[in-house]
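Q: If you read the protein sequences in the order shown, they are chains A and B. Residue 201 in our numbering sits at position 201 of the first sequence; the count goes up by one each step and never skips. Residue 61 in our numbering sits at position 61 of the second sequence; the count goes up by one each step and never skips.
Worth flagging that the hints you see were computed from the coordinates, not collected in a lab. If you're wondering where the values come from, they're calculated on a predicted model, not measured in any experiment. Misleading hints may appear alongside valid ones.
Over 10 angstroms on every C-beta distance to chain B, these chain A residues come out as not near it, computed from the model [stated by the list, open to error]:
#1 F51
#2 L59
#3 E70
#4 F97
#5 G106
#6 A158
#7 T164
#8 E190
#9 H266
Selected chain B positions facing chain A (in silico; Cβ < 7 angstroms) [stated by the list, open to error]:
#10 P57
#11 G59
#12 W82
#13 L89
#14 I93
#15 G96
#16 L97
#17 T103
#18 P104
#19 L114
#20 G115
#21 M118
We put the CB at the ideal spot given by N, CA and C, even for glycine.
One letter stands for each residue in the lines below.
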Amino acid sequence: MIKSPLVLIALFLVLLETLLFVLLNLSFIAAPAFPALWPDAVTAIQIIAPFFIITSLSLIFLLFKYVNIELEASNQRIHIENLRESLENLRAQRHDFMSHLQVVHGLLQLGMTDEAREYVASLCAEIRQPTRIISLNHPALAALIQSKIALAESQGIACQCEVTTELRELIIPGTDITRIFGNLLDNAIEALQRAKGERRLWLRIYEKEEGYIFEVGNTGPAIPLALQAKIFERGFTTKKNKEGHGQGLFIVKTLVDKYEGRISVHSSDQGTVFTLLFPQHRGSQGFSF
Amino acid sequence: MDFMPWQAIVFQSIPESIILVSLGLGLLGLYPPFKKVVLISITYSLSSVIIRALPFPFGVHTLILLPWLTVLLKSFFKMDWWKAFTAALLGTIIFGLVESISTPFLLSLTGYDLGTVMRDPWLRVLFPLPDEVLLGCLAWIVWRKRLFFFRSGRSKFY
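So that you can see chain B by itself, here it is in the shape it has in the complex (with noise of 0.2 angstroms):
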């Protein structure tokens, strides 16, 4: 269970998002309008909040976010099934192995612990800056020259 503070939904959760969303996307090859993209974003964040408040361990939030987010990138781009799921996983994906890498390291140069970071509304909002820089920077280098994984067959978005 874990209640979100408005900060870290402005700051942290719906900048996230966008990232995920358009690395998702991008490494699909698929580059839609990006207002669209962000407006997913901030409905993919406020369903998280609500999603994260629930009383599950941690990881199940994820892995009933993963679905949600496919749900929606097949509603709002009217996308293949497998290109919304595909592109909500490798978004997921990206964060996670990021993250994973990030938060022991971070941990320790600050010598803060985990629960100190989470309940902490700005030292939240801060903790995974260095994370959403780096992912944001390959995100637009993705978008910027068109790099994908696999081009997933032509869409409406081009």
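With the rest of the complex left out, here is chain A (with noise of 0.2 angstroms):
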């Protein structure tokens, strides 16, 4: 049901104008027997025109505001991605703790206590990253991270994540968080499908007292010094599919700026890393859902 007044008057203003077009044209056809409406095309143009130019200013009104109400829903629809691939991680967690327990248990049946203990010593290092990761005051964000994480290590990438701060003075919506990481976590996994040797990705995130530090690294193939000035630049893609890509850093870049934020990106043999800062804002209590 149309509801918005706003959309209801530019229906009505599209609706009118086209009828005055239909009795402008009408009036032409019937002037031979009947007395014409408008003295001539160039009164009829005049009457008509501020219609025209104000029903074409309402539509573009709307499509700006619709636009943006599709990007917010794109943005929603990421979000909710994210989210439903991390419960997928956690049932899945879940079901390798069952495993992991009856291991333990098995082992302190059969007397093993020292291998018991050792057991549940390399859970506890395994599972202290997602515990820190969870951890983080943006929800979003840790939820992004750990289906990534869990992308990446499908597709055979080690995985390195050092979480040290909460994030609690960090304000950036959850929605242009995950844009922000998803794309550079995801060019990160793409560029290691390429790469040849060694497969690594890690993140850091800790504080400094400039602000909150996020480092994304790869151990893909490196950016020549050239091509790395030029990177967040819209359309600029160092895949040689090009078609559908280079928007990803302009977005990263953009919404970094948006922020007051910096972002800066070191490749060399050893790696590609992304590093990126955060203001913190003091006496806020973050960003949360």
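Assemble the dimeric complex from its two separately framed chains, guided by the hints.
A: Now the structure itself:
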């Protein structure tokens, strides 16, 4: 049901404008038989023109409004997809956890307490990082990192994640932060798909005096120095298939600028690292859902 | 000023009104009882005879008839004002569009001028017949297949 008064006004304007055009046309056809509504074509156009201008402006305004709504909906869809992936990961982890418990139970029943202790110790080390990610004050970011790490690991990519902050004073909406890190992590995974040697992805999140630092690194092919300067330009891509690529880093840069952050890239034979810095907003509670 | 002969009222104006109202309502996703549509169309058609007889230039009658049809739709069907107005507008525009395309074509095809057609009661009935058949079929499809530009919300019609 149409409820927005703006849409209704635009609809009526379009219909009225069409009606006026139809009447204009018909009155010219009927001119030999009936007295015309318009003295001449110029007057008719002068009467209809303001309608046309107002209608066009209204439609342009509505178009922009709906493009923004569609963009927000698209971000929400990405966010929901990340949450869904995250939920699936949790289910898989629960399944793994049951298997681990059965192993520990078996070891203890056999009286192999040292082996059981070692097994539990190795499990703790493995679980510590995901737990740290979950403790982030940005559920959307935590869910995104979890899902991307699971995706990378499923492709045989070794992942390291070091989180030493909870990002309590970072004010970036979940939809934008997932766009930033979704693009960076996707690019890293894609670069590692093309890598020949070691395939490793790392993410470091920590805080310094000047703000929060995020490092997204990968051991994929190095980006030549000449290209590093252009990497954040719209349409720029290092991928062979250029169609549909070259928007991600431009979006990342735009969003980083929007939140008064900084982004830099360093690439060598050891790997490529994107470093982002976002200011801390002291006294705020950060962004949360 | 246009004096409509009885032939034009019975065989042209009333059927045209039925199609206009059905189309306007149907394209908004509203399908009231057809008897009521016929009743409202007859009322509209008869009132249009009076309004068309008024000494206004061509087009002004349509601009007067439009709010009148809105009032009729509103009072007969207890619709929202905006729904009634949109239905009246849609029906009128579609008729106007088809007429503005077909009339010059038919005039050149038959060789008649509009003045002759308007003065002869039976020519006046026959001339818009192709439009009426075409739009009648369209209205029938719209109602049968439940096609609409946009659903204007649940109403008491269904």
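Q: Hint by hint, which ones does this structure get wrong, listed from lowest number up?
A: none
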